[in-house]
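Undergrad: The residues making up each chain are set out below.
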Amino acid sequence: AQKVTQAQTEISVVEKEDVTLDCVYETRDTTYYLFWYKQPPSGELVFLIRRNSFDEQNEISGRYSWNFQKSTSSFNFTITASQVVDSAVYFCALSDSNAGGTSYGKLTFGQGTILTVHP
Amino acid sequence: DSGVTQTPKHLITATGQRVTLRCSPRSGDLSVYWYQQSLDQGLQFLIQYYNGEERAKGNILERFSAQQFPDLHSELNLSSLELGDSALYFCASSASSGASYNEQFFGPGTRLTVL
Chain L
1 AQKVTQAQTE
11 ISVVEKEDVT
21 LDCVYETRDT
31 TYYLFWYKQP
41 PSGELVFLIR
51 RNSFDEQNEI
61 SGRYSWNFQK
71 STSSFNFTIT
81 ASQVVDSAVY
91 FCALSDSNAG
101 GTSYGKLTFG
111 QGTILTVHP
Chain A
1 DSGVTQTPKH
11 LITATGQRVT
21 LRCSPRSGDL
31 SVYWYQQSLD
41 QGLQFLIQYY
51 NGEERAKGNI
61 LERFSAQQFP
71 DLHSELNLSS
81 LELGDSALYF
91 CASSASSGAS
101 YNEQFFGPGT
111 RLTVL
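So the protein lines, in turn, are chains L and A. Taking this note's numbering as reference, the numbering of the first sequence is continuous, increasing by one, and the terminal residue is 119. Taking this note's numbering as reference, the numbering of the second sequence is continuous, increasing by one, and the terminal residue is 115.
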């Protein structure tokens, strides 16, 4: 069975600090996809990034960066110079891939990390 | 705005009742997913439809059912409601193939409160 673990339940930082959100996953699939979603106080889920299991390149998008390490089954998310608007719940998710090779795409989510950025 | 719409935004009902949640996917998306978010269970996958057909099922209760209509909108029906069904229900849609490499775009959710 697939599993995603976000060990940090809550993180509190002061604005401009860097913060890293950890994500560890378990899967028996050789092909899989990892995602990060943001859930701001308004409640909607906002897609941030997708990474496939064949691509271990790190990615940077503005103040956001992601570090994917297959050897440790981790897909960590770093926010540089955090801002109050970054306050939200962040979810790491793993996408399903069945044995027949046809992907259905259902997401297995971690429990989420509540990030609070103080001014 | 993700382009996925859900109605209603809020729903308050009593135990034993039946409700229907509605979702319209993004234009062109054939795949619709339903998720439940609760404090004790977190975000859990319920069911997926692709172009009108059921594709995958998660831990969806027998009291719950869903369907996708020819115009691609989807409805999630919850019956014999219990207090524990109170949750935020999300609908998501993804690009045509429904393959796992397509990110899912989530609607704003329907908050269901069962009293």
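Fair warning: there could be bad hints in the mix.
With a straight-line cut-off of 30 angstroms between C-alpha atoms, the simulated DSSO-like cross-links for lysine-lysine are [claimed, not checked]:
1. L/Lys-70 / A/Lys-9
2. L/Lys-38 / L/Lys-70
3. L/Lys-70 / A/Lys-57
4. A/Lys-57 / A/Lys-9
5. L/Lys-3 / L/Lys-70
6. L/Lys-16 / A/Lys-9
7. L/Lys-3 / L/Lys-38
8. L/Lys-38 / L/Lys-16
9. L/Lys-3 / A/Lys-57
Which chain A residues face chain L? A few, computed with CB under 10 angstroms, are given here [stated by the list, open to error]:
10. Asp-1
11. Arg-22
12. Gly-28
13. Ser-31
14. Tyr-33
15. Gln-37
16. Leu-43
17. Gly-52
18. Arg-55
19. Lys-57
20. Gly-58
21. Glu-103
22. Gln-104
Since the hints were derived computationally from the structure, they do not count as laboratory data. Keep in mind it's a predicted model, so treat the numbers as computed, not measured. Glycine is no exception: its CB is placed at the ideal position from the N, C-alpha and C atoms.
Undergrad: Hint by hint, say whether it matches the structure.
TA: Taking the hints in turn, this is what the structure says about them:
1. L/Lys-70 / A/Lys-9: Violated: L/Lys-70 and A/Lys-9 sit about 39 angstroms apart, past 30 angstroms.
2. L/Lys-38 / L/Lys-70: The hint holds at about 23 angstroms.
3. L/Lys-70 / A/Lys-57: Within the cut-off at roughly 28 angstroms; holds.
4. A/Lys-57 / A/Lys-9: Between A/Lys-57 and A/Lys-9 the Cα gap is close to 24 angstroms, so the pair holds against 30 angstroms.
5. L/Lys-3 / L/Lys-70: holds (15 angstroms)
6. L/Lys-16 / A/Lys-9: The hint is violated at about 35 angstroms.
7. L/Lys-3 / L/Lys-38: Roughly 19 angstroms between the alpha carbons, so the hint for L/Lys-3 and L/Lys-38 holds.
8. L/Lys-38 / L/Lys-16: This hinted pair holds, its Cα atoms lying about 19 angstroms apart.
9. L/Lys-3 / A/Lys-57: holds (17 angstroms)
10. Asp-1: holds (9 angstroms)
11. Arg-22: violated (17 angstroms)
12. Gly-28: violated (16 angstroms)
13. Ser-31: Since chain L brings a Cβ to about 7 angstroms from A/Ser-31, closer than 10 angstroms, the hint holds.
14. Tyr-33: This hint holds: A/Tyr-33 lies near chain L, its Cβ roughly 6 angstroms from the closest one there, short of 10 angstroms.
15. Gln-37: Holds. Min distance 9 angstroms.
16. Leu-43: Holds. Min distance 4 angstroms.
17. Gly-52: Since chain L brings no Cβ nearer than about 15 angstroms to A/Gly-52, farther than 10 angstroms, the hint is violated.
18. Arg-55: Holds: closest Cβ of chain L sits about 5 angstroms from A/Arg-55, inside 10 angstroms.
19. Lys-57: Holds - the Cβ of A/Lys-57 comes within 10 angstroms of chain L, reaching about 9 angstroms at its closest.
20. Gly-58: Holds: closest Cβ of chain L sits about 6 angstroms from A/Gly-58, inside 10 angstroms.
21. Glu-103: Cβ of A/Glu-103 sits 5 angstroms from chain L, so the hint holds.
22. Gln-104: Holds - the Cβ of A/Gln-104 comes within 10 angstroms of chain L, reaching about 7 angstroms at its closest.
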